[in-house]
Structures are given as C-alpha cells and as structure tokens.
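*Asks:* Line by line, the protein sequences give chains A, B, C and D. The first sequence lines up with residues 1450 to 1622 when you count with our numbering. The second sequence lines up with residues 15 to 445 when you count with our numbering. The third sequence lines up with residues 5 to 387 when you count with our numbering. The fourth sequence lines up with residues 129 to 239 when you count with our numbering.
Hints were generated in silico from the structure; no laboratory data involved. Since this is a predicted model, take the numbers as computed values, not measurements. It cannot be assumed that every hint is accurate.
As the list claims (entries may be wrong) - Think about it this way: if two alpha-carbon atoms lie no more than 30 Å apart in a straight line, the pair counts; the simulated DSBU-like pairs of lysine-lysine are:
{"#": "1", "chain 1": "B", "residue 1": "K410", "chain 2": "C", "residue 2": "K311"}
{"#": "2", "chain 1": "B", "residue 1": "K410", "chain 2": "A", "residue 2": "K1619"}
{"#": "3", "chain 1": "B", "residue 1": "K414", "chain 2": "C", "residue 2": "K222"}
{"#": "4", "chain 1": "C", "residue 1": "K71", "chain 2": "C", "residue 2": "K314"}
{"#": "5", "chain 1": "D", "residue 1": "K226", "chain 2": "A", "residue 2": "K1563"}
What the hints assert, rightly or not - To give a feel for the contact side, a few chain C residues facing chain B, derived at Cβ under 7 Å:
{"#": "6", "residue": "R76"}
{"#": "7", "residue": "G144"}
{"#": "8", "residue": "F150"}
{"#": "9", "residue": "Y183"}
{"#": "10", "residue": "V218"}
{"#": "11", "residue": "E219"}
{"#": "12", "residue": "K222"}
{"#": "13", "residue": "G223"}
Backbone N, C-alpha and C fix where the C-beta goes; we use that ideal spot for every residue, glycine too.
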Amino acid sequence: MNPVATPFFFYGLAAIMIIGGVLVITRKNAVHSALALISTLLAQAGLYLMLYAPFVAGVQIILYAGGIMVLFLFVIMLINIDRSMKERQFNKQWLIGIVAAALLGGLFISVYTKGKSLFPDGRVTFVESGNTQAIASLLYDPHTGMYMFAFEIASLLLLVAIIGAVVMAKKRI
Amino acid sequence: MGWLVDYITSYLKTTDKTPGAAGNIFWAFVYIVAVFLGLSVAVIAMNWLERKILAHMQVRLGPMRVGPHGLLQPIADALKLLLKEDIMPAEADGFVFWMAPLIVVLAAFTVFVVVPFGPTHAITDMNIGILFMLGVSSLSVLGIVTAGWASNSHYPMMGALRSSAQMISYEVAMGLAVVSVILMTSLNDTGTGTLSMIGIVQAQFAQHTWFVFKFFPLGLVAFFIFAVAMVAETNRAPFDLPEAESELTAGFHTEYSGFRWSLFFLAEYSAMIAVSSIAVTLWLGGWLRPFPNLLNGPTWDLVFSLFPGVTFLFFAAICFYNTARMPKHPLFKIQTIGLAGFGAVLGLIGLILFVPPVRDRVGDIFWFCSKVAAFMYLYIWYRGTFPRYRFDQLMKVGWKVLLPISLAVLVLTAIAGFVEAPFKEWLHQVL
Amino acid sequence: MTDPHTLTPLDLDTPEKTFLDANELVINMGPQHPATHGVLRVILRLDGEKVMGLECVIGYLHRGVEKIAEHRTYTMFNPYVDRMDYVAAVSNGLGYCETVEKLLGVEAPPRAQYIRVILTELNRMASHQLWLGTHALDIGAITPLFYTFRDREEILKIFEKFCGARLTTHAFRIGGLLYEAYEGFEKEVKKFVAFVKPKIDEYEELLTTNRIWVERTKGVGTISAKDCIALGVTGPVLRASGVKWDLRKAQPYANYENFDFDIPIGVNGDTYDRYLVRMAEFRQSLRIIEQAVDGIPEGPVMAKVPKVMKPPVGEIYHSIEAPKGELGYFIVSDGSTQPYRVRVRPPSFVNLQALELMCRGQLVADVIAVIGTLDIVLGEVDR
Amino acid sequence: MDALTNISTLHYLVVGAALFLLGVIGVLTRRNVVIVLMSIELILNAVNLNLVAFSRYWQGLHGPTALHGQVFAIFVITDAAAEAAVGLGILIAFFRNKETVNVDEVNLLKW
C-alpha cells in the first residue's frame, strides 16, 4: 500500500510538532506545557508511521504519551504550581541561552545546506508487515540479534531507575 | 465519474483485505462512519439495557414512562443533557477543562480503528494492532487526569489521582496477559507471532482452538486476569473508585455537566466495548463462530448463518408478546403501537438477515457483537453484585495478585509453547 | 487504641499546602454529600487518602425539639418525638410514653404492652433494614438497598394499617394505645414474619461471605469495649465490641422480661462485627415478635389516665433500647400541664462522637463505611 | 516545488533539528524544573526522529530488515522513561525540602 497525501500529512504533523514544542517552552502553566508536549509526541508517532516504523510509533504512544506524560502530569499535580506561575518564568541567563541556541541552529543550517547531497531521497516501497518481527530478531535472535546485551543493560537501567525513584520520592523508608 | 465508480467497486472485488489495508479511502471512510454510528447506537442501547437489567436484578422496573418499556429513555436523556446548562467552575482552567472530555472521547473512539468485526470488516488492519489498541486506550487516563486537575476542586482531584494510579497499575497486568496471547500466536511453522488483531484471530482458527482454552488452564488464567484488569481499566464497579459516588460524589467528573459530562459517559461506554472487543479478539476467537473447524462444510455454514436472523426474529417475538400483554387502555395505545412498531422493525431486520448475500456477510459481525454483548452483560452483573473495593485493596489486587500471576502465566506459556511440539512427538511414539 | 481524652482537636487554622506533606489536604465532606446520611458535615484532614483527623459539624437539622416541649402539654408533645429518629419513630414514642407514664405513676395494660412490643420490634427491623441498605450502598453494593426497601415496605404497610401513618407514626399514647389494633393484626404480623425470614437469609447471602464486603468491613473502624464505655456509645456498636449490654435485658421495660431472646454480641468491634450483630438482631426481633403475637392477651388497651395531665413535681429519667442504642428521656415536671424541661439522650448523637476515634488512621473510603455503620440519623443528632 | 512535496530524509532531519533547538532553548532558559525536564524530553524526541529517519534511509540502502535506527529509538525511549522517573523523583524530594520548583534555587551545593 502506498501512502496517501504524504506531503499534506508530513507538513501537518510537523507543524503540530513544532507548535507544540514552542508551547512547551513558553507556557507559564506546567499542565499546559505537558498537554502541548503530548500533542508533539502524538504527532511524532504519526511521523514514525510515515517512516514505516509502526512498532516505534506504538511504543511512542504507549510509553511516552500513555506512561511518561501521565507521570509528568501526576507530579505537576502533586506540586503546587500556583506559586511558580506567579514568579518570573525565565532565568537570568536566558539571553545567553538564546544566543547559544541560535549558534547551534546556525550550525545545523550550515550542515544541512552543505551536506544536502549526502541524503538523497532514500524512499523505497516495501511491505510494511514484518517490521515488529524484524526489530524483534535484531533484539533477541541468537544469530542476527546484535542488541541483546544492550537490551539487558537497558532493563538493568530501568531497575536502577525504579529503585532510585522510589528511594527519592518516598517520604520515609 | 467512471473512475470513481471503478475506484469504489474495485475494493468489492478484492474482498480479502480491510479497506485500510487495501488503501481504499472511500470504503475506509464508509467503515469509519459505520463503526462510529454503530458505536453510538450501541452506547444508547447499552444505556437502556444497563438500566433495565440492573433494575430487574434489583426487583424494580427501571425506565417505563418514555416510550414502551422506556425504550426512548436514552434519547430523552441525551436531549436533556444537550439542553442542560453547561457549567464551568469560575476557578477552573478553561482550556484544559474543555480539552479533557475531548481527549477521553478521542481515545475511546480511535481504538475502534483496528477492531476486527470480521476478516474484512475492520477499518484497517495494523501490523501493531494490539499495541495500538492498548496504547490509545491508555491515553484516556490523560483526559481523566486533566479533567480532575482542571476542575480545581478537591473531589475531582482525588478522583483523578485515584484513577490514574489505578489505570496505570492495571495496565501492567493487562499487558502481560496480552503478551501471553501473542506468544501463543507464534506457535506455527515459521515461529513468528503477530500483533495484528486479524492475525490473532486467524491464528486461533489455524490452531483449532480459542486461546482461552489453549494450554489449559494457562489461557483461561490469562483471560481471567484480563477480564479483571479491563473492569479496572474502564473504572467500572467493583473498581469504580475514581467515580465512587458515595465517597467522591462523582470523582473526576464532579464539576462537569451537560454535554461535556455526556462525553465522559459516551467515552466510558465505548471504552467498555473496546476492551471487551480486545478480550473477544484475543481469547474468544473474535468473529469465529462456534466450532469453525469441527462443524465445517456447507450445511453447517448455512445453519450458523441463520443465527443472526433467528436472533432478531426472537427479539421481535418478545416485543410482540409484550405488545399483547400491554394493558388494554386508551392511555396505553401509543405505547402499544410503538412497541409493536419496534418489534416490526426488529422482525424486518431479522428477515433481511436471511437474504443470502446479506447472510453471508453479516455472520462474522454477528458473532463478534454477540460475544461483546456477553461481556457487556457481565459488566452490568458485576455492578449489581459487588461492593466497591477500597483503594489500598485495589492496589493490592493489582500488584500483589494479578501481576505475579500474569508473570507466571507468561513464563509458563512460553515453556508450554516450547515443549509442546516435542511432547506431542514423544506422545506419538509412545502410543 | 488511643485514649479518647487525649485526642487533640483538628487544627484548621494552618493553611493547607499541597498533597505532598502530611497534615495537608482539608476536605469538606457534606452537608450535601451522598454518603453522610442527611446533613452531617465532616471536615477531614487528609494525608493522601489517609485520615489524619476529622471534625463533625452538626446542627443543620436543629429544630429545637427539647425547647418546644416546654410549651406543649405532655400529650401535645408526643408527636414531636417521632420527628427525631424518623426511621424509628415507634421506638421514640415508646420511650416518651413510658417516661411520662412513670412520672404519672400509671402503667399501660398488658395487651397494650404486647402490641407496643410487636410494633417496636417491627420498627427495629425497619430501622435496621434502612441501615443495611444505605450502608451497603455507601460501600458500593447497590442491590441490597432495593431488597431491604422491598421488605421494609411490608412493615410500613402494617404501621399504616395500624395508625394511618407510615413514617412518623405517633402509634402510642400516654397510658397505652388510643385504639384497639385492627382486625387481623396478629395474622398479618405472623404472615410478615413468615415472609421476612427467608429475606434476611437473602441479604446475608449477598453480603456476609462476599469477599469484597468482608475486606471492606473487617478491621475497619475498630473500637474497643473500653473506649465504647468511655464515650458512652450504646446499641449495636457497643455490643459488637463485646459488651453484653441491652436495656431490654438489663433494665427490662414494657414487658420485655417475659420474652425469651438472646443478645448477639461481637468480638472485634469492627464494621463487620457490627454488621453481624445487626443481622442477628433481625432474627432476635423476629423471635420476640413471634412470642408476642402468640401470647398476646385480651383486655383493655388504655389505662386510666387523667384528661388533663398534671404530673407531680419531680424529675425522672427513663431509657429504652432503641434500634440505635440507648434512647433516654429526662423530664422535669413542675406540677403544671407542661414539662419544665425535657432532655433527650439520643443514641445517634452519642455514637457519632466515636467517629473520630474510629476513623483516625483509616482511609477516606473507611470514613464512609464508619458513618454508615454507626447508623446515625441526623434528625436525632441535631433534634 | 519538488523539494517541498517530495518528502525525503532531510525534511525529517530539519523537523528534528527544530525540535532539538526548542528543547535546548527550554533547558537553558526556563526556571521551572518540570518544564526543563519536558524540554529534555523534547530533545530526546528530536534525536529519536532523526534515528528513525536515518533508519528509513538505511533500509533503502540495505533492505527492509536493517532497522538499527529504530532499535536505537526504542533504547532512547527506555532511557527517557528512566530519566523521567528519576528526574521527577529528585524533583519531588527537592520540592518537599524547599517547596519550590525553580532551578535557580537548586543551589545547595553552592556556598
């Protein structure tokens, strides 16, 4: 199946992403920021689908939008945001920050304009199915899986994160 | 215009694909509209049925005034909700307050993109179908949390915190139960499983068993875990703590009224239907009729294809029986006519379902929907029977009972899948 | 268990901060809350879901019943007491009539006393049925409410036939009954007893062994016998803590000494035991009713009472076992036709004082269960 | 027009770069720790988008099973989950002690 109206969806989703990103860093209210970030994440899941990465898109929705962002909202509700909303929103180094970001942006632009020929259009149509299976075989297969060790390390990282989060967030242990 | 007709009819000729998979926008749109309308009708019918069934469980009659046997009550309720004043608390966060019901409704409805009502009767068949369903249905917790927060009030806040904790906790056990089914789908020659909803049902057909009976009792236990977790996911009794009426007045939607509240209502019921369809697809053979492998052949096909029509005629007969029992009084004239008319419509639908081309196409949808309906009845039954869990007990059930069991089931399923083929071979040699 | 005397009052002046720290969230439950059984207002101080302290605010239903009594004759005040515990109006009337009779020095004739016992026990059942339905509803089980109301209806039908009113019956008069019981009263009560016996098993079937019900009620709102006595808690709450104290046995009145019945008591003093005690009281009430109907004597129903009641100067305290506990009347007479002072000792009011002790350290959902299990009626708390 | 309508890898890279810049600005300028953490999520997502886009490009060169970029994206998401959990845990601990969520006031190590 060929994708339909690719540019339309690409620009639409990209616009949602960028607008969401801008809202994330400009809103006073952290809940509004979180909602903007959720829209960015969902639009990004759409872009993953357009890149024939359905499994990553699914993980993005279930983990990022459904898991991490709920955690964020939960914490925002636990802490008192009324006070921080009334205060100054940007820190003292905001000018330096903007300049640094602008320099980084300039770097990106120069890299992309100069290296455009490095990235020809690599689009090929192939069967969509098998994406999940291919990822699984990269992760777990005893012959072709080259990321099994990394996967185990990732699970260890998550375990450490769980313990760390519990230790830090618990009132009395 | 010719190309348009060609485009439309070209899909009908290739009937082995869903419109989404075939890339046919027109039919995809038709399916979307059909699913959306069907869902709305199902929610309305569910509303009436829940009140009636619950009422009869509780030795009362339920709605009787609006329409014969209260048949028009949901419509009257919907009108009332639409005409009600839409109140927004002064201290509420307007935008988020407005967004929250939309998020919940969108999450609840988007799930139906991949629900397979039949081998070709789905909007689309996704490679990551079940992952998509779990992911999108988990988004509704965002709406609930934001609804509770935006109301800027204590009871909704507590309801929201309760519900987000509850939904996240039960998602874990639910996901593990689902994974054990995905393991079962990989028991074939190639050894690759599938996440596609249609693929899961086809795997059950190919393995000659519903997954609820696979590796008895492992499939049954996984199904039971899912059946418990899905009640918790949809915040229904006995896990209805987020909206516990006697404790938190109405939980996260305490401050909502009118149309916005009805959106929550709609979302709750369509979420119930959605998780029930997951359960039906994963464990109860989806659209497959009973014994598709054992009782096959044209005769059995014919017999089973008569079921939808017979069911509708049965309902029509009930309507006519009750029409005859209506009090013979001028005041009941309109009600009697209405009930007879309703029966006639049901009967007509039943007769249409006997027409061969229709008969062959709706069989899948009928079996799927009747399995889902059984789950809906269970939901109502739970509500009539159980008291409500307390929050710590709910967490205890989720983390200390369901999660270990589902982990054990997952591991045992993997082992069973691994030893099944050698064991059969050994058995073959011994006997 | 904490000593009730050392409980510090709730500190409501420090402003709440966030959910994060202890002693933070102050929630106002009621007076318009579905589970506070009327217009009780409970201010809860919560740490997350845990109750750190609570304070009851009462008086939303205050009508000054005791003050009204000072401006009514003894006979005229009789209907007012029905409006206190309106789900057990007959018991209220019995207590008042007996107190005034004691003050006057008259005694109701035996037949009147038997009919009084029958009606009071029926009323006890009706009150317990209402308690069971609403308590189960608070804990989340909807269905028992409808079952109990279906059966309570039969009791109310008997009341209606007896005296014309269903709720605020005003069934008794000072000195006995105003009328003879209606034709077929005994038969109807017998029929009711036969009807309701299997229904009580039906309630128990729904709840007693229900896992969720047991989990929700066992170990919730525990109160020790010592604390009960210290706080003056009476009725099923006291008996569930293991104290065998029932005024029907301890200070028999209205002929109760002639009936054979047991006092069910609990062991742990938690919500589940209170539930079991009340369920057992259903059966004991049925036993009493059966005996009373069988042994009902013939004779007059009204003692000789002066038309204008002028009790001698003095004071009297008399209490009966109402469905909710000890219901006492303290009447001071100055020799005129109107009481000088009437003071009611309502069981609900006293039992409600145990709420904080029972709820500290429990969860919000338990507060609901405890309010339900105390079986308070706000009309009686506020008077 | 062709450069605009023919969506290639570069288009995704540009979107990713823009998102990355937004994240960097957020991290460098905001005072609210929660929003700083969210900006970090933005940065991680920008990286993820690049990874998946490169993966697509790589698939074009080496066949449909060359999904290394997507595998990396999954690892990054795992990492983000761990980071969010620990970051928010620190935030809660910090908030409990100082009752503020401003990065400026996280100066316990400064003297």
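*Asks:* Return the numbers of the hints above that this structure violates; sort them in rising order.
*Replies:* Result: hints 1, 5, 6, 9, 10, 12, 13 break, sorted rising.
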